Structure formats: C-alpha cells, structure tokens
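J.: The chain contents come next:
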Amino acid sequence: MHVIELGRDVMELNRNLAEQNKKILDGHGVFAVDILGAIGSGKTSLIEILAGKLSEFRVAAIAGDVVSDLDSGRLNAAGIPSVGVNTGRECHLDAHLVKRAFDKLSLDEIDILFIENVGNLICPVDFELGSHKRITVVSVSEGDDTVEKHPMIFVTSDAAVINKIDIADAVDASPQKMRDDALKLNSRLSVFLTSIKTGEGLDDVVNWIRDAKENQVE
Amino acid sequence: MHEFSVAGDIVENIIVEAQKHHAEKVTGVFLEIGQLMMVEIDQLRFALECLSKDTLLENANIHMETTPIVIKCINGHEEEVSWDPYKKPLELTCPVCKNTVKIIKGRECIIRKIVAE
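Going down the list, the protein sequences come from chains A and B.
My numbering applies: residue 1 is where the first sequence begins, and numbers increase by one.
My numbering applies: residue 1001 is where the second sequence begins, and numbers increase by one.
Derived from the structure by calculation, the hints contain no laboratory data.
All values derive from a computational prediction rather than experimental measurement.
Hints are not guaranteed to be accurate.
Claimed, not checked - Below are the DSS-like pairs computed for lysine-lysine, each with C-alpha atoms no more than 25 Å apart in a straight line:
(1) A/Lys133 to B/Lys1020
(2) B/Lys1102 to A/Lys133
(3) A/Lys104 to A/Lys149
(4) B/Lys1102 to A/Lys23
(5) B/Lys1113 to A/Lys177
(6) A/Lys213 to B/Lys1098
(7) B/Lys1072 to B/Lys1053
(8) A/Lys184 to B/Lys1072
(9) A/Lys23 to A/Lys177
(10) A/Lys184 to B/Lys1053
(11) B/Lys1072 to B/Lys1020
(12) B/Lys1105 to A/Lys184
(13) B/Lys1053 to A/Lys149
(14) B/Lys1025 to A/Lys149
(15) B/Lys1072 to A/Lys133
(16) B/Lys1020 to B/Lys1053
(17) A/Lys149 to B/Lys1020
(18) A/Lys23 to B/Lys1105
(19) A/Lys184 to B/Lys1098
(20) B/Lys1053 to A/Lys22
(21) A/Lys149 to B/Lys1102
(22) B/Lys1102 to A/Lys177
To be verified - The calculated label-pair distances, taken between Cβ atoms and stated as ranges, are:
(23) B/Asp1084 to A/Arg89: 24 to 32 Å
(24) A/Asn215 to B/Glu1079: 23 to 31 Å
(25) A/Asp172 to B/Glu1091: 23 to 31 Å
(26) A/Glu56 to B/Ile1015: 36 to 44 Å
(27) B/Glu1091 to A/Leu70: 24 to 32 Å
(28) B/Lys1105 to A/His28: 28 to 36 Å
(29) B/Asp1084 to A/Asp180: 19 to 27 Å
(30) B/Lys1105 to A/Lys197: 12 to 20 Å
(31) A/His2 to B/Pro1068: 25 to 33 Å
(32) A/His28 to B/Ile1104: 24 to 32 Å
(33) A/Gly79 to B/Pro1068: 26 to 34 Å
(34) A/Gln20 to B/Thr1055: 46 to 54 Å
Quick reminder that beta carbons are idealized off the backbone N, C-alpha and C, glycines included.
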C-alpha cells in the first residue's frame, strides 16, 4: 500500500482551456460575452436585440442547448451567424465545447461573439469559457427571490439583466428587490432593468457592451 | 446537477495516475472541494460510486473535505470566510473594510492524494 500525492485540481483543465480560448479570441480581435440564465429568461431574444442595436459591429453567436438547433436556427434566421452546440446530457457549456465551436466560425470576420449557455442558473457557474464578460439574464417571472437563491452566478458575473419588467406587477415581483439582491452579492455588478417587449433599458445594456469592448481594445 | 461530469474527471484522473504507478487497486481517495463549487457533496459521492464501478477505484473509501473561501479586497485584506448556504445568504464583502472583494480560493476540486495497492 502506498500513498500517491496528487494535489491536482480537476477544474484546472477547463480553466486552462478557457485561457486558451481567450487567447484565440484576442488573437482574432473578437470580444466575447457569455449570456447565462434560466430557461425562458430571454437569452436568445436579448442576443437578437443586441445584435440589431450593435449594427456597427459584426456580431455572431454560439448557442448552447441540451438538444436541438432551435436557438442557433432562430439567430441565423435573424441574420446573426450562429453555431449550435448540443451538450447532450450536460447542463452547461464547457471550454472544450466552445473551442470546437470556434472551428465552425470565421473568427476573423467577427467583432462581438455572444456565447449563449444552456438554460441553467447553477451548473454553468463552475465552467469558464474564455469570454471577456459574463452577463446573467433573469426574468421577473422566475420570482423575485431568484437572485438571492442563486448567489454564485451573480458573484461571478459582470452584468445582470433583470428582464420582463413589463409584467412585474402581473407576477407580483419587485425588480428593485432583484436589483438590490444582486448588488448586495456583487457590488461591482452592472444591473439593468429591461423589457425586451417594450425596449425599456436595452440601450443601457448596448452602451455597456460598447464600453466593455472599447476597453478590451485599449 | 453537474456532479457526474466533475466525478468523471476525478475518476479519469485517478485511474491514469494509479496506472502510472502500476497500482492494481485504489483503496482511498482524498478530495478537497471548495465551498463555492456548485456541487452537492452527497451527489458527488453517489456519482463517484457509480462511475467507479468495475474500475480499480471500485469500493475505495472516499474522503471529502470542504475547503474555505479566501477573499481579497481592493485594499489588500486577505480573509478566510465560511459560507453555509443553508444558514445565511452569501455576502462577499471585506470583513475589515467592507470593500469589494475578489475570490482567491473556494472554486477548486482538488484530488489531494490517493491510497493505492
């Protein structure tokens, strides 16, 4: 019987791959933004809207789903070059899957790449992908205690989009409570109250992305 | 519920390492799981037991220890903090100056050592 000392972090492999992904993106001048959030929070709709408003940039997307190419099909139909990534049984994208998706994109022809994760507020947290910014989308219809119940995704995000505020009264939710909860968890977070339906708050998200991209170039 | 993918990486890493050392059986596994890892310890244990079946890890004693969160604030205060998700919400601010912090440790899943025969 003998003891073998390892001291090996199994999460490191993904982290290293994510670092490689970031280098690839930087090498091609691509600014990548993760879009995380629950099923039905409005991730795909947000990408469609943002791509339209960021018309001075060449925008593309990687759309992760457990199965189906519905999201990437929808984004392609909206004129956003997109690659679908099926995770099969997994509940999150990982850096390896994203790296493989790069091969199907013309990175030299992309300025901003949105990476839409699988609809889930828990699992994607542990798997960095190599993007420059992380946005979490949460809708009021998930309940206004959703933010406090899922702290880690907000701790590791750069921005939170609290969506569907136009129906907040109907679902008895307080967007302000959600914003306060998010800022309590992460005071560096940029928080936006939005409605994709009415367009409220979306220009602020667009400007935040523009600023973040500009800072990447510097 | 990504315990199975994490467990798969753990099992794979241990098998490769055990084979390198010409081990026939692994009887003990010592893991350190950061408190901020989004895995449930009991589910991870179950996943490890399932995936170890018919491998040289089968029936190994799995020891799991959760390791603390270490944060560092913009003023350089480095502190160890503890989080029990069932008792209080996570608040990541510097206990000394209440400033914004960065997470230094707490998101790892370390195979510290294995016992092999």
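J.: Now, for every hint given, state plainly whether the structure supports it.
T.: Evaluation of the provided hints:
For a cut-off of 25 Å, the pair hint linking A/Lys133 to B/Lys1020 is broken: about 39 Å separates their Cα positions. Taken as a hint, the B/Lys1102 and A/Lys133 pair is honoured in the structure, with Cα atoms around 16 Å apart against an allowance of 25 Å. Under the criterion of a C-alpha separation no larger than 25 Å, the hint pairing A/Lys104 with A/Lys149 is inconsistent with the structure, at around 36 Å. A threshold of 25 Å between alpha carbons decides the hint, and for B/Lys1102 with A/Lys23 the separation of about 22 Å falls inside it, so the pair holds.
Note on B/Lys1113 and A/Lys177: the hinted pairing is violated, with a Cα-Cα distance of about 45 Å set against a maximum of 25 Å. At roughly 30 Å between alpha-carbon atoms, A/Lys213 and B/Lys1098 are farther apart than 25 Å, so this suggested pair is violated. Restraint check: the Cα-Cα separation between B/Lys1072 and B/Lys1053 comes to about 41 Å, which exceeds 25 Å; the hinted pair is violated. With a C-alpha separation of about 17 Å, the suggested pair A/Lys184 and B/Lys1072 falls inside the 25 Å cut-off, and the hint holds.
At roughly 38 Å between alpha-carbon atoms, A/Lys23 and A/Lys177 are farther apart than 25 Å, so this suggested pair is violated. Restraint check for A/Lys184 and B/Lys1053: the C-alpha separation of about 44 Å exceeds 25 Å, so the hint is violated. Using a Cα cut-off of 25 Å, the hinted pair B/Lys1072 and B/Lys1020 is violated, with the two alpha carbons roughly 38 Å apart. For the hint linking B/Lys1105 to A/Lys184, the alpha-carbon distance of about 20 Å falls within 25 Å, and the restraint holds.
For a cut-off of 25 Å, the pair hint linking B/Lys1053 to A/Lys149 is broken: about 35 Å separates their Cα positions. Proposed proximity of B/Lys1025 and A/Lys149 is contradicted: the alpha carbons are some 42 Å apart, above 25 Å. Distance hint between B/Lys1072 and A/Lys133 is fulfilled; the C-alpha atoms sit about 21 Å from each other, no more than 25 Å. Under the criterion of a C-alpha separation no larger than 25 Å, the hint pairing B/Lys1020 with B/Lys1053 is consistent with the structure, at around 20 Å.
For the proposed pair A/Lys149 and B/Lys1020, the alpha carbon gap of about 43 Å is over 25 Å, so the pair is violated. With a C-alpha separation of about 24 Å, the suggested pairing of A/Lys23 with B/Lys1105 holds against the 25 Å cut-off. Simply put, A/Lys184 and B/Lys1098 have alpha-carbon atoms about 11 Å apart, close enough for the 25 Å limit, and the pair holds. In summary, the hint linking B/Lys1053 to A/Lys22 is not supported, as the alpha carbons are separated by about 37 Å, beyond the 25 Å threshold.
Between A/Lys149 and B/Lys1102, the direct Cα distance comes to roughly 21 Å. Compliance with the 25 Å bound is thereby established for this hinted pair. Note on B/Lys1102 and A/Lys177: the hinted pairing holds, with a Cα-Cα distance of about 24 Å set against a maximum of 25 Å. Taking 24 to 32 Å as the suggested C-beta distance range, the pair B/Asp1084 and A/Arg89 conforms, at roughly 30 Å. For A/Asn215 paired with B/Glu1079, a C-beta distance near 29 Å keeps the hint of 23 to 31 Å intact.
Roughly 26 Å separates the CB atoms of A/Asp172 and B/Glu1091, a value that falls within the hinted 23 to 31 Å. For the pair A/Glu56 and B/Ile1015, the supplied restraint of 36 to 44 Å is violated, since their beta-carbon distance comes to about 51 Å. Look at B/Glu1091 against A/Leu70: about 38 Å separates their beta carbons, and that is not inside 24 to 32 Å. For the hinted restraint 28 to 36 Å between B/Lys1105 and A/His28, the CB-CB distance of approximately 33 Å keeps it satisfied.
At roughly 22 Å, the beta carbons of B/Asp1084 and A/Asp180 sit within the given window of 19 to 27 Å. The supplied range of 12 to 20 Å is broken by B/Lys1105 and A/Lys197, whose beta-carbon atoms lie about 42 Å from each other. At roughly 30 Å, the beta-carbon separation of A/His2 and B/Pro1068 lies within the given 25 to 33 Å, and the hint holds. At roughly 31 Å, the beta-carbon separation of A/His28 and B/Ile1104 lies within the given 24 to 32 Å, and the hint holds.
The hint said 26 to 34 Å for the Cβ distance between A/Gly79 and B/Pro1068, and at roughly 49 Å that hint is violated. Look at A/Gln20 against B/Thr1055: about 29 Å separates their beta carbons, and that is not inside 46 to 54 Å.
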